[in-house]
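> Chain residues, written in single-letter form:
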Amino acid sequence: MRSHETFRVQDAPLRPLLVKELWEILSGRALWTMLLLMCPLIGYSFFQAVSLYGEASAAGLQSPVLAASLSPLDGVLVPTLGASYVAVTLLFPFVAIRVLGQEKESGALRLLIQLPYRSSTLIAAKLAAVLAAWVLSSVPAFSALAIWRMLDGHLSAPETLNLLFGHLLYGLLVGAIALFAASVSESAATAAIVTLAFTIGSWVLDFTVAGHPGVLEWIARLSLTQVLRTFEQGLLSAGLVVGIGTAVCGFSALATVWMPPGVHVRTKLFRSLVCVLAAAVVLGLATQIRFSVDVTEDQRNSFPVADQRVLAKLAEPLVVTVHLAAEDPRYADLQRNVLAKLERVLPKLSIRLAGGRQNLVASAGEDRYGEIEYTYGGRSDISRSTSPREILPLLYGLAEVNAPAPAPGSDYPGYPLMAGGQLALLWFFCGLPLCIAIAWWRSRRLPANHNKLTKEA
Amino acid sequence: MDGVLHLASPYPPIQRNTPLPVEAACVSEQADDQTLLRVDSINKQYADQVVLANVAFDIQAGEIVGLIGPNGAGKTTVLEVLAGILPAETSDVHWLGRPLPPSRRREAMFYLPDGVRPYQDQPVTRVLSFFADVYRKSADEITNTIQAVGLTPVLHKRVHSLSKGYGRRLLLALGLLTPHPLLLMDEPFDGFDLRQTRDIVGVLRGEAAMGRTFVLAIHQLLDAERVCDRFILLADGRVRARRSFSVPAPRTGLTSGSLEDIFLALT
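Read top to bottom, the protein sequences are chains A and B.
The first sequence begins at 1 in the numbering used here and counts up by one.
The second sequence begins at 458 in the numbering used here and counts up by one.
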């Protein structure tokens with residue numbers, strides 16, 4: 001007589017599920033095709049970046065001042081990984097959708113959901129497969145970094161890791177959106193359209209509404225491309241990381257809600273609403289987290305160390321009233337050179353645009369347009385400058401503290417390098433695609449236990 | 458025998474994460490305890506169209522029950538609602554006398570849908586290994602299952618390259634690798650020739666003799682007669698008859714007759 005034990009949800013081992021998800025993603029043509037397409041894309045971007053960096057370095061090698069402006073982060077890493085960003089935006093959704101869409105289309109999902117796993121566990125395993133796919137799809141980018149090092153190029157570990165972390169979070173976000181799209185769509189094609197509506201829709205937001213004041217500015221902040229910008233500037237922002245993590249969890253939770261077919265749509269809608277509200281609350285809280293770390297070697301997101309120390313001791317609230325329109329380039333300069341740095345160091349800072357969110361044409365005629373008023377401890381001063389060299393002494397004057405002496409030896413030297421990238425082209429157009437093709441062929445081989453099962457059977 | 462049963466359960470509802478009392482489902486139990494599954498009422502409709510209306514029946518432990526009926530009668534829908542993978546307006550099901558909510562159906566029963574080719578890019582052996590690993594089956598159990606359903610010649614093939622018959626065998630093997638006391642199978646003999654059907658009937662009979670219960674949705678009446686102990690006849694989303702093959706159906710007016718006669722008389 002057979003045993004009649006049932007299989008409870010918490011009894012099931014995770015390993016077979018993870019192994020299955022990994023094999024599923026490795027078996028699909030989508031991942032390998034994407035990898036093959038990424039080789040020339042990243043290779044050419046890397047070649048171009050190294051060439052331009054080399055041209056700029058020619059002058060930099062003659063002048064230390066010019067050399068100080070040569071940073072591999074801006075010159076090589078960001079453009080090279082920018083190609084990876086394009087591929088993840090346009091191609092990675094197809095890889096991620098396959099993780100769930102294939103099972104949905106073949107009917108295997110109806111078997112899968114009967115296995116002793118929670119829906120959340122199934123989605124978590126699929127997200128792990130998406131993560132594995134991202135790691136694999138980053139092989140061309142990793143090899144570009146390795147070639148840069150072989151060319152004797154400089155890589156700052158914190159800068160590089162921070163940028164890679166940003167791309168990882170972006171990949172996971174796109175993957176989570178794809179999983180959600182696959183869970184609500186009947187076919188992979190529909191899921192692809194839904195996902196691309198998010199990713200390419202972000203580009204549309206960037207082109208159409210970014211820089212506009214008011215509600216449009218708020219909408220522009222929803223663009224996925226904003227995710228990478230902070231990391232590309234060399235900042236590791238706790239609020240941003242929490243925000244992206246929340247978005248990934250939120251989309252995964254929505255996928256968990258919509259994946260099981262045996263639940264009424266109204267129940268799914270209610271659960272989705274709960275997920276969206278919870279995510280919105282956490283996202284709202286994340287915007288209040290101001291902690292960030294400047295991981296750049298040249299500390300471009302911070303004032304000099306001596307100034308940072310003095311500013312951090314200012315206990316009174318500083319109020320900055322800006323008489324500029326939000327889309328005025330001077331406001332962008334002020335924001336980048338002064339306000340963003342002040343936000344990171346001052347415990348109590350309040351910034352307000354004097355004209356509300358009115359546009360450039362409406363504001364430009366005002367007498368005070370262009371003034372920036374700083375108020376600290378009941379005293380105030382006005383400047384039109386957007387440079388910290390003028391504004392920091394002004395702040396020290398308001399706070400009645402002495403300006404610190406500059407710390408010696410803290411200047412960023414820059415890393416000029418004249419290198420040819422022709423050999424890299426050979427790797428990206430021939431060597432790496434060949435390696436990928438071989439790996440693809442090997443992944444199609446039968447599993448090791450095949451012979452054992454055949455023999456026993 | 459097409460009345461709808463509405464039985465009040467004397468048992469409290471099953472609490473979440475409490476093990477189901479499946480040990481009592483063994484066929485050696487007393488006759489009163491042998492009602493493994495009692496379907497009190499299943500109602501399902503799409504917009505204004507009623508697909509299932511007050512479908513009710515009992516399943517005894519260790520029997521093979523055929524769900525028969527013309528195309529569009531609602532056989533697949535009954536199985537999917539029963540398995541909890543299709544929402545329904547009502548789905549009152551009792552397992553050994555206790556209410557079994559849809560969210561916990563998968564702990565007691567496993568449903569093998571029709572026309573599913575799972576994981577088409579994978580070799581058969583990998584798909585089998587996945588299910589076996591999930592349920593921690595031993596190598597002997599896997600081997601026995603492979604031999605029982607005759608999958609040995611195609612273990613090295615990818616699922617998408619299997620013939621219809623072997624695809625069906627693979628699905629059956631996956632079902633047999635699960636530990637569930639009740640298997641729901643939609644058109645399990647579709648794609649089999651006569652010899653293969655008889656082989657698989659033998660496999661199901663062997664499993665039933667060991668205590669496993671089967672509910673098979675079959676539209677080929679000959680196949681149903683070969684394998685089933687009992688049938689439930691569905692037509693237009695309603696149960697028209699529930700009879701054992703050994704007992705003639707008086708409502709049809711036939712004192713004797715084949716399943717085909719009963720089918721034609723009631724549908």
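Note that these hints are calculated values from the structure, not bench results.
Quantities reported herein were computed from a predicted structural model and do not represent experimental measurements.
Even for Gly, the Cβ is constructed at its ideal location relative to N, Cα and C.
A portion of the hints provided could be inaccurate.
[Unchecked claim] Okay, the calculated beta carbon distance ranges per label pair:
hint : chain 1 : residue 1 : chain 2 : residue 2 : range
1    : A       : Arg118    : B       : Gly572    : 41 to 47 Å
2    : A       : Glu105    : B       : Arg655    : 32 to 38 Å
3    : B       : Gly659    : A       : Ala280    : 56 to 62 Å
4    : A       : Arg118    : B       : Ala504    : 29 to 35 Å
[Claimed, not checked] To spell it out: a stretch of chain A is covered by chain B in this simulated footprint if at least three of its residues, at any positions, have a beta carbon under 8 Å from a beta carbon of chain B; those stretches are:
hint : region
5    : 19-32
6    : 39-52
7    : 113-125
8    : 187-194
> None of the hints should be skipped; say for each whether it holds.
Going down the list of hints, with the structure as the test:
Judged by the Cβ atoms, the range 41 to 47 Å given for A/Arg118 and B/Gly572 is violated: they are separated by roughly 27 Å. The hinted range of 32 to 38 Å is satisfied by A/Glu105 and B/Arg655, whose Cβ atoms lie roughly 34 Å apart. Range check, B/Gly659 to A/Ala280: about 59 Å between beta-carbon atoms, so the 56 to 62 Å window is met. Distance hint check: the CB atoms of A/Arg118 and B/Ala504 are about 32 Å apart, consistent with the given range 29 to 35 Å.
Beta-carbon proximity to chain B at under 8 Å applies to 6 residues in the region 19-32 of chain A; the threshold of 3 is reached and the given coverage holds. Beta-carbon proximity to chain B at under 8 Å applies to 0 residues in the region 39-52 of chain A; the threshold of 3 is not reached and the given coverage is violated. Using a Cβ-Cβ cut-off of 8 Å, 4 residues of the region 113-125 of chain A lie near chain B, which meets the minimum of three, so the contact claim holds. For the region 187-194 of chain A, the stated coverage by chain B is violated: 0 residues have a C-beta nearer than 8 Å to a C-beta of that chain, whereas at least 3 were required.
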